[in-house]
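Q: Sequence:
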Amino acid sequence: MLNFLKEFFGIVMAGCFVTCYIPQIFKIFKTKSSKDLSLLFVIMPMIGYVSGLFYLAMSQSFVLWLILNYTIGLVMTIFLLVIYYKYKN
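Quick note on numbering that gives the first Met the number 0: the sequence shown kicks off at 0 and runs consecutively.
FYI, nobody ran anything at the bench for these hints, they're computed from the structure.
A couple of the hints might just be wrong.
Stated by the list, open to error - Once the Cα atoms are required to be at most 20 Å apart in a straight line, the calculated PhoX-like pairs of lysine-lysine come out as:
1) Lys31 with Lys87
2) Lys85 with Lys34
3) Lys85 with Lys26
4) Lys87 with Lys26
5) Lys85 with Lys5
6) Lys5 with Lys87
7) Lys31 with Lys85
8) Lys34 with Lys87
Using the sequences and the accompanying hints, generate a full structural model.
A: Rendered as structure tokens:
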């Protein structure tokens, strides 16, 4: 039971962190503007995701949900950064 809960909360964590950028991405595409988005909002999580991946690599631990969270989160953050500059006014 404990292992099931651990996996469940890992899935919830990864899902929440990965999808948290989707509303902002849709808003930028809809308004064709990123003027209301703080660049620091994009940069800080990117630093966190990269640091998390380095931490996992250095600790030589394989935690699937953390690896998925950091990797997909980093990709979403980079995508948000790209559209930030594309629609920057």
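Q: Now tell me if each hint is right for this structure.
A: Taking the hints in turn, this is what the structure says about them:
Of the supplied pair hints, the one linking Lys31 and Lys87 holds, its CA atoms being roughly 9 Å apart against a limit of 20 Å. Restraint check: the Cα-Cα separation between Lys85 and Lys34 comes to about 11 Å, which is no more than 20 Å; the hinted pair holds. Our distance criterion of 20 Å between C-alpha atoms is met by Lys85 and Lys26, whose separation comes to about 14 Å. For the hint linking Lys87 to Lys26, the alpha-carbon distance of about 13 Å falls within 20 Å, and the restraint holds.
For the hint linking Lys85 to Lys5, the alpha-carbon distance of about 40 Å lies beyond 20 Å, and the restraint is violated. A threshold of 20 Å between alpha carbons decides the hint, and for Lys5 with Lys87 the separation of about 41 Å lies outside it, so the pair is violated. For the suggested pair Lys31 and Lys85, the alpha carbons sit about 9 Å apart, so the restraint of at most 20 Å is met. The hinted pair formed by Lys34 and Lys87 meets the criterion: a straight-line CA distance of about 6 Å does not exceed 20 Å.
In this structure, the earlier hints numbered 5 and 6 are contradicted, and the remaining ones agree with it.
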